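Throw the hints in and build the complete structure from the sequences for me.
Take a look at the letters that make up each chain.
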Amino acid sequence: MVAQTAGRLVVTNRTRGLHPGAWWAWALGCAVVASRTTNLVLLAVLIAVIAFTVVWSRTDAPWARAFRLYVWLGLLIVVLRLGFRILFGAKGSTVVLWLPQWRLPGVFSAVTLFGPVSAEAVMSALQSGVQLAAMVLAVGAANALANPKRLLAAVPAALYEWGTVVIIALTVFPQLAESVVRVRRARQLRAEAGRGTHLIRTVAMPVLSDGLDRSLLLAGAMDSRGYGRSSLVRPAVRRASSVMILAATLALCVGAYGLLDTGRTPWWMGLPMVVTGLVVAVVGLRWLGLRVKRTRYRPDRFGSREAWMCATAVVSAAAMMVVDVVWPVAAFPAAEPLGWPQVSLVGLGAVLLLLAPVVIAPTPVMAATTVTSAAHATATPSSAVLRPTISTEVGSTDLSSAQRYTALIRAEEAS
Amino acid sequence: MIEFHHVWLRYREQSAPVLRDVDFTIEDGQLVLVSGRTGSGKTTLLGAVNGHVPHFTGGMMSGSVVVDGLDTASHPPRELSGVVGMVAQDPLAGFVTDTVEEELAYSMEQMGVAAPVMRTRVEETLDILGLAELRGRTLRTLSGGQQQRVAIGSVLAAGVRVLVLDEPTSALDPVSSEEVLAALLRLVHDLGLTVVVAEHRLERVVGYADAMLALRGDGTVRLASPREIMATSSLIPPVVELGRAVGMPGVPLTVREARGWAGPLRTRLEKADPASYDRLPRSEGCDPASQSTARVAGVGQGLDVASIRLNYGSVMALDGVDLRCEPGMVTVVMGRNGSGKSSLLWALTGVVPIQGGRFSVDGRLWSTAKPREIRRVIRLVPQSAADLLYLDSVQAECDAADHQAGVPSGSCQGLLDRLAPGIDPVIHPRDLSEGQKLCLVLAIQLTGDPAVILLDEPTRGLDYPAKTSLARILTDVARQGRVVLMVTHDVEFAAVVADQILVMAQGQVIQAGTAEQVLGTSALFASQVAKVLYPQRWLTPYQVVEALEGQVVAGRPSGWGQS
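Taken in order, these protein sequences are the chains called A and B.
When we follow the working numbering, the leftmost residue of the first sequence carries the number 133, and every step to the right adds one.
When we follow the working numbering, the leftmost residue of the second sequence carries the number 5, and every step to the right adds one.
Source of the hints: derived by calculation from the structure; they are not laboratory data.
In this text the structure is predicted, and so the values were computed from the model without any measurement.
A few of these clues could be false.
Sample of chain B residues facing chain A (criterion: CB under 10 Å; computed from the structure) [claimed, not checked]:
| no. | residue |
| --- | --- |
| 1 | GLY89 |
| 2 | ASP94 |
| 3 | VAL356 |
Pair ranges (Cβ atoms, derived) [claimed, not checked]:
| no. | chain 1 | residue 1 | chain 2 | residue 2 | range |
| --- | --- | --- | --- | --- | --- |
| 4 | B | TYR316 | A | GLY238 | 55 to 61 Å |
| 5 | B | ALA186 | A | TRP204 | 44 to 50 Å |
| 6 | B | VAL430 | A | TRP204 | 42 to 48 Å |
| 7 | B | TYR316 | A | LEU348 | 26 to 32 Å |
| 8 | B | THR372 | A | ALA198 | 35 to 41 Å |
Cβ atoms here follow ideal geometry from the backbone N, Cα and C, with glycine treated the same way.
Now the structure itself:
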């Protein structure tokens with residue numbers, strides 16, 4: 133059943149969108165690109181790409197609204213970076229602002245605060261600040277676009293206790309915000325505005341005890357509903373695989389650091405560490421996975437779209453690394469002398485390639501529209517073959533929707 | 005199906021046992037209603053069915069619990085998830101995922117059910133519980149009744165044979181409760197599930213139950229037919245109370261049964277006027293005028309609300325509400341969830357600012373004042389009353405209340421002693437029972453003698469005796485010359501206390517009248533006694549007994565009768 137107008141097509145039985153892993157791969161690609169350049173033009177384009185993708189692809193789920201927090205965090209990073217540079221002296225050839233210099237008294241006399249502020253120092257502070265902010269935004273984008281609970285569903289049973297903690301935190305934390313509003317309103321009923329320690333006692337305590345109660349209730353419910361039936365696994369096996377996965381995670385972290393900071397780290401901290409981590413993780417999970425029986429309801433498939441996402445991320449990151457090596461001036465322009473940074477076409481292309489999700493990812497389905505589309509899906513008699521139901525939404529036709537449409541027509545004909 | 009063999013359970017070494025030599029067997033396919041006073045161990049008993057108690061909660065248990073042949077001692081709750089399904093009071097607190105479909109599948113995922121089987125069962129469950137249109141919805145956006153049905157479905161889909169529900173309807177409005185109970189009955193009758201349900205408002209379930217488990221309060225439990233338990237228990241719904249009081253030939257469990265036996269009763273009551281009889285026993289030895297905090301002198305015009313409007317963003321919560329409450333009267337606001345009842349109360353405290361209209365107390369305009377000033381005359385006991393408590397002892401809470409109201413110390417403690425005698429002042433407020441917490445908050449909010457007291461769902465979690473004493477307290481508080489404005493879903497409680505009833509829908513008051521006018525005639529809000537004695541407008545068993553004894557009560561306070 134394919135309904136079509138000159139509109140954007142929404143595949144309603146894929147309301148969940150892309151596999152969360154694909155979003156994380158994309159975000160990591162963004163982060164790697166950001167880590168490989170301090171070119172403000174490239175970074176600005178990258179931030180624009182990340183922001184546009186988030187706005188374009190996010191749903192109206194609670195976690196999607198978290199992106200704003202990351203934007204504020206990014207701004208804070210840039211401001212702090214600039215602030216510290218000015219505070220501890222920003223000398224250079226082009227002075228733009230004269231501030232009085234102040235030498236600290238006593239044993240700190242080696243330290244001088246403020247002093248003349250140069251454009252070059254501001255520029256280099258901006259470069260490193262914006263770079264870090266872009267990496268933070270990349271992580272924020274992944275958090276806003278990938279459903280954290282669906283990612284967690286893939287947590288291996290060996291990490292059962294961790295999984296419980298994270299699920300409870302993810303569920304109870306948003307509820308705490310509601311508790312705060314409720315308790316503060318209630319507090320007004322007792323004519324106690326409350327400040328400082330009093331505020332902590334009168335608002336924080338009830339909210340925290342509320343959160344604790346909720347956490348226990350949820351943990352109890354999860355227990356009663358069969359979460360962690362891995363007790364079929366021998367405790368020794370569980371502990372051993374836990375250790376293996378922990379070690380693997382550690383190795384992956386160290387490896388990632390080594391990869392991102394090749395200049396100053398020994399060779400073994402890079403790729404070898406990542407490979408070791410991956411091998412240990414896979415072995416540990418396989419070992420345990422053979423013993424734990426757990427299934428997934430309509431799992432997020434890692435299909436061609438997800439593969440394309442990963443591919444673009446890898447290509448972007450690789451292209452940026454090439455620019456980094458071949459044309460370092462474009463990747464890391466010097467702050468001195470001042471001037472517009474040179475932009476390499478390959479670098480710009482690498483950044484723009486990260487816009488791929490806009491074409492690859494399905495159009496986000498909002499909770500409000502899900503109601504009608506779900507009703508539509510149940511209203512139509514289903515045949516024995518499960519076919520995707522398509523409903524239409526007003527919007528502009530884009531390449532991906534046209535591609536999807538043709539693919540579905542073919543599927544229709546085939547079945 | 006469920007066997008308890010000499011179960012003893014205590015939470016601490018020295019404490020009294022919560023369950024004392026509990027020994028019973030529940031047959032396959034029965035609907036069993038659990039009754040008992042607050043704190044008598046209902047939740048513990050229900051938790052013991054799947055081993056949640058003591059595996060999760062801790063505690064020492066002797067004896068054994070066997071469900072479908074599995075001993076809970078050797079099978080922790082997660083191993084029993086395919087046999088016993090637990091549904092809690094607040095469904096939202098137990099949801100693990102975000103959408104209806106995922107929630108239904110969650111248990112099966114943990115049990116390792118094959119994907120095609122899982123898909124089939126989810127679809128079946130959606131149809132059995134009428135959730136098909138909601139399948140993709142976010143759980144938080146559902147109504148209370150829908151959420152509770154999803155919670156039932158989520159354990160049902162796991163293929164359980166036993167369903168255990170702890171007060172599944174206590175947070176729901178009458179329509180949503182009916183929806184949930186109808187779903188439950190269907191599961192018992194069509195699917196042959198064994199259902200164990202605890203419920204304070206027995207009138208909703210007792211007519212359908214095959215057996216009752218009565219907790220006596222000392223840890224012992226009695227399993228018998230509902231009729232046997234109802235014949236002797238002190239926790240009885242109004243229809244049973246009526247049947248026992250007027251000496252019906254048997255114990256009526258449903259309105260239908262009682263109506264069949266009520267023919268002669270209706271004839272005897274024909275001449276009497278319901279409005280001239282008290283609906284609940286007066287508090288013994290309590291003369292409202294003699295109490296020190298009484299507010300009898302200079303009674304004003306009460307609360308006047310004129311076309312107040314309130315929006316939350318684009319949602320219209322109050323759409324021009326007008327109402328008038330006389331001092332000395334209890335006004336009850338009813339209506340489905342989301343009809344604007346709670347918003348009305350919050351708007352009157354000034355904490356939630358209104359966008360139009362005004363309200364005044366005793367002729368003085370308050371709608372433009374700050375919450376801090378409004379607080380001098382209007383006080384609210386909110387739905388989660390415990391939010392108002394934050395100090396570490398009852399004494400400290402009372403002192404703070406005296407200080408905030410600027411009254412001599414000891415005033416609040418004095419009020420509390422009258423509302424709930426015998427509370428240890430050094431105890432932590434969290435350790436109080438629900439009823440005691442409510443009394444403490446009520447005492448705090450009465451300190452400083454406000455003219456208007458607002459209450460939001462005060463009967464949640466209270467059993468019959470606690471509700472009766474709350475009804476007395478509220479009536480006394482009102483009779484001392486205050487306005488009492490209360491929001492409740494509890495029809496029977498409204499029948500006991502209400503002088504005036506307002507029904508709200510879509511942010512407007514759609515009906516206003518005396519309790520007799522509204523509760524006596526409405527199809528939805530009629531009390532059980534009203535249904536039994538229709539078309540006569542009797543509301544409570546006590547009223548009928550009074551009429552039969554011919555004790556005409558004289559001297560209603562002014563403002564009684566017409567609204």
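Which hint numbers does the structure go against, in order from smallest to largest? none
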